[in-house]
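Undergrad: Sequence:
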Amino acid sequence: MRKHLATAVAAVSLAMAGQAVYADINAAKKWIDSEFQPSALNKQDQIKEMEWFIQAAEPFRGMEINVLSETIPTHTYESEVLTKAFEEITGIKVNHQLLGEGEVVQAVQTQMQTQRNLYDAYVNDSDLIGTHARLQLAVNLTDWMAGSAKGVTNPGLDLEDFIGRSFTTGPDGDLYQLPDQ
Numbered sequence: 067m068r069k070h071l072a073t074a075v076a077a078v079s080l081a082m083a084g085q086a087v088y089a090d091i092n093a094a095k096k097w098i099d100s101e102f103q104p105s106a107l108n109k110q111d112q113i114k115e116m117e118w119f120i121q122a123a124e125p126f127r128g129m130e131i132n133v134l135s136e137t138i139p140t141h142t143y144e145s146e147v148l149t150k151a152f153e154e155i156t157g158i159k160v161n162h163q164l165l166g167e168g169e170v171v172q173a174v175q176t177q178m179q180t181q182r183n184l185y186d187a188y189v190n191d192s193d194l195i196g197t198h199a200r201l202q203l204a205v206n207l208t209d210w211m212a213g214s215a216k217g218v219t220n221p222g223l224d225l226e227d228f229i230g231r232s233f234t235t236g237p238d239g240d241l242y243q244l245p246d247q
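So that you can map any letter, position 21 of the sequence shown is 87 in our numbering, and since no number is skipped, the others follow by simple counting.
All the given hints hold, so there is nothing to weed out.
Result set (DMTMM-like, lysine to aspartate or glutamate): computed pairs, CA atoms no more than 20 Å apart in a straight line:
1) K96 x E154
2) K96 x E153
3) K109 x D224
4) K150 x E130
5) K95 x D111
6) K159 x E146
7) K114 x E124
8) K114 x E101
9) K150 x E101
10) K114 x D99
11) K159 x E124
12) K216 x E124
13) K96 x E117
14) K150 x D186
15) K96 x D111
16) K159 x E101
17) K150 x D99
18) K159 x E130
19) K150 x D246
These are calculated hints, taken from the structure and not from any lab test.
Use the sequences and the hints to build the structure in full.
TA: This is how it looks when you write it as structure tokens:
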């Protein structure tokens, strides 16, 4: 179950299929026009990417996932705007809770120490990667995106375009977090 949840979360690069696509693509077009401008992609390419997201998300439609991040403007926007877009486009509900930095660190540490799943995903500072790695609780994204999550990893995801990748790369040279802030 955790792998399915993790797959759905990382698919914070996913999802489309069947007759439900028509309604979803209309939602995607609405978001493209109302929120996802300007973009490095033209609208036609944005629609193609949204079709891919809808298709990849189809097996996870109706799923609900819980995410925690710190209260900063970037994450507030993700929590208040992008979660709505994601649900309308993919059918996956994201409960994105915002807490202070210390509370996020405490929640992450509690989950790691107890190995009790409090959240399906965290958006936390990259300086915690060392702790995750030492406890062997971090997912190697390089291997995961090329392996079991290949079908839900956006083929247009340009990892070279991320600023700060060196901070989210482990000593083994593999990526453990997508820089977000």
